[in-house]
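K.L.:
So you can see what is in the structure, the chains are spelled out below.
2 protein chains.
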Amino acid sequence: MPVTIKDVAKVAGVSPSTVSRVISNHPRISPKTAAKVKRIMIEMGYHPNMVAKSLVSKKSNTLGVILPRPAEELFLNLFFSEFIRGIVTQATRQGYDLLMSSGTTESEEMEAITRFVKGRRVDGVILLSSKKNDPTVKFLREQNFPFILIGRSDEHADVLSVDNDNVQAAYDVTKYLISLGHERIGFVSGPPQLVVSQDRLEGYKKALKESNLPMKSHWIVEGEFLQESGYRAMSMIMNLADRPTALIITDDLVAYGVVRGITELGYQVPDDISLFSFNNISISELTTPPLSSVDIGIYQMGYTASQALLRNIQEDQHDQRRIVIPHRLIIRQSCAKMNSQERS
Amino acid sequence: MPVTIKDVAKVAGVSPSTVSRVISNHPRISPKTAAKVKRIMIEMGYHPNMVAKSLVSKKSNTLGVILPRPAEELFLNLFFSEFIRGIVTQATRQGYDLLMSSGTTESEEMEAITRFVKGRRVDGVILLSSKKNDPTVKFLREQNFPFILIGRSDEHADVLSVDNDNVQAAYDVTKYLISLGHERIGFVSGPPQLVVSQDRLEGYKKALKESNLPMKSHWIVEGEFLQESGYRAMSMIMNLADRPTALIITDDLVAYGVVRGITELGYQVPDDISLFSFNNISISELTTPPLSSVDIGIYQMGYTASQALLRNIQEDQHDQRRIVIPHRLIIRQSCAKMNSQERS
DNA sequence: CTGAAAGCGCTTACAG
DNA sequence: CTGAAAGCGCTTACAG
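For the protein sequence lines, the chains are A and B, in the order given. For the record, in the first sequence the residue sitting at position 147 is 147 according to full-length UniProt numbering, with numbers rising by one throughout. For the record, in the second sequence the residue sitting at position 108 is 108 according to full-length UniProt numbering, with numbers rising by one throughout.
Hints in this document: simulated from the structure, not taken from any laboratory. Bear in mind the structure is a predicted one, so any value in this text is a computation, not a measurement. Misleading hints may appear alongside valid ones.
No copy labels: a pair is met if it fits in one copy or bridges any two.
[Unchecked claim] List time: in silico DSBU-like cross-link candidates among lysine-lysine, alpha-carbon distance up to 30 Å:
1) Lys-118 to Lys-216
2) Lys-38 to Lys-59
3) Lys-118 to Lys-58
4) Lys-175 to Lys-337
5) Lys-205 to Lys-118
6) Lys-59 to Lys-10
7) Lys-118 to Lys-53
8) Lys-38 to Lys-337
9) Lys-206 to Lys-53
10) Lys-32 to Lys-205
11) Lys-58 to Lys-6
12) Lys-58 to Lys-138
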């Protein structure tokens, strides 16, 4: 039988209300009783029942996250560790825990969110997906429940969210390759329905247009966030008569497949083709040669998401901004300078 | 204002008790009232307050995990994703959620566990660490609270746990290398205070002794679970007059550093030296050449941990077994066969 | 088959 | 400064 406030009160010879006030450091309590009650709490090994506390206070001191379902598992898996760590670190620092569940189907996902929100188990929700037409976003808005979206939502532009400026990031990468003298630049993209894919492609196109460089549709390959995707793309790309001298790749793991494909076809990076990828997960510095990659600040995204959501919860003034996490181009050895005779 | 059982009762013209019984599918309720109440619940958008439910039922339907603190962060980080996914998948399947927190110091860790356990927020705890003299293990035993340990505990042998047979795994790897003709086999180990390091080293020694092969202490290097560790070890190892022809490495990431070191020194894998590592995380198939590695079933460990813990909670018969997850040697291209003239 | 009542362990006006 | 009482939203003997 765990010890309750009542037990402590009895031993201390005070009322339960007084014990409760001591716990919450109520100002109008005599230092003497406070000291006594505190001593007895420790002696008896008292610890408040958070569930009971939560029931009356209507606060859980908990944030909720739903794991992405299988379809996007792979993409998110790579980030997952760093991301969750960022979320938990900041949440813990502010005295919040993290409640997690996963949904295999969309309806299971909705069920989990409902359980969290209507079951009063969390004070706020972090949404990992940025799909079009997401019913969870709709639900949370209807409930007027605090939440933050990772990524961008086109339908719900006025929602609290953290994201990268993926258009700008891809633009920056493209411009960098152009500055090295590349004129034929290809793009190995991710699933076209994802906002992140669309944004990066847009930045790439913008940079090419601005520099008056050609943009051929057969230089753009769409795939999954899988090594295989990159690998397979190469047999096509490398056999092109007008093949690109540089490739932008939407993810490090995909880039790894690209490197493998290129190597197997007997070509060299960066001598035959330059590569620049995204996400800067640990793999990117482990390839031969080490890959240049865009660091999108995954840990910081998680950290910031927690922080912004908690502010919303605590100040109860639902600000609806979009927070942009800065990106950084990490230059390694996968890009070569072009000199003019090679350009033909 | 969320709708409560009382609200539903009022509209349905029954008592709250009846509504409660309908929700829990109590047998002695007329199908007619049941149907009516259910209809009204849906109409009113009723969802039970899990906190209130938890207070009276004394069940939270939640498992707790504490994230490892920084010291071991890196080692566990690599597994983390897969591991948590295994835990969550199985927990969700059985209707449980996962509550997470992290502690930077040992006392913060204890605080988090206490909050979970004494605060009645979880029904069981999964312990990720397998340190010596772990106060959290002691606490949970004293509280007689359901928990499962990942790894092995020497002081607490009679505790529910999931682990690999690391002695056997290292033994198997060593025997495999011996079968290829290697006679000088080195070991790049992890932090010596970790049980996993000790176990693997033991299996390695056992196999060598059994085959009457030499075991020199300068063939054994202890380090961290970091790429740098492996990298640094190589300048020493490769300059040995009697340098090993094969190396067992405690982790894929460390092995990556080893490959880098070997390559920079102008040697080749597996021609100059064979490598076999542990954990089989995604990196291992991405190196050049692809690394042979021991698959220790990380996802399955998480999955099994959830499952065993939940059985303990639900059947309330605290069985205290040690569950061993089988390992598999994944043979790739990093080990060469030795022929006799090379052996000298 | 159903309801009234007590209680889970807390908090917090209200009163003194 | 402190206590008695009501209540958070549920469950569950007990009685009928």
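K.L.:
Take the hints in turn and mark each one as holding or not.
P.N.:
These are the hints, each one checked on the structure:
1. Lys-118 to Lys-216: neither (51 Å within a copy, 63 Å between copies)
2. Lys-38 to Lys-59: both (24 Å within a copy, 28 Å between copies)
3. Lys-118 to Lys-58: both (12 Å within a copy, 19 Å between copies)
4. Lys-175 to Lys-337: within (13 Å within a copy, 49 Å between copies)
5. Lys-205 to Lys-118: neither (44 Å within a copy, 57 Å between copies)
6. Lys-59 to Lys-10: Both, since 28 Å and 27 Å are each at most 30 Å.
7. Lys-118 to Lys-53: Both: 17 Å inside a chain and 13 Å across chains, each within 30 Å.
8. Lys-38 to Lys-337: neither (70 Å within a copy, 70 Å between copies)
9. Lys-206 to Lys-53: neither (55 Å within a copy, 55 Å between copies)
10. Lys-32 to Lys-205: Cα proximity of Lys-32 and Lys-205: none, with 72 Å in one copy and 64 Å across.
11. Lys-58 to Lys-6: Cα proximity of Lys-58 and Lys-6: in one copy and across copies (21 Å, 18 Å).
12. Lys-58 to Lys-138: within (23 Å within a copy, 33 Å between copies)
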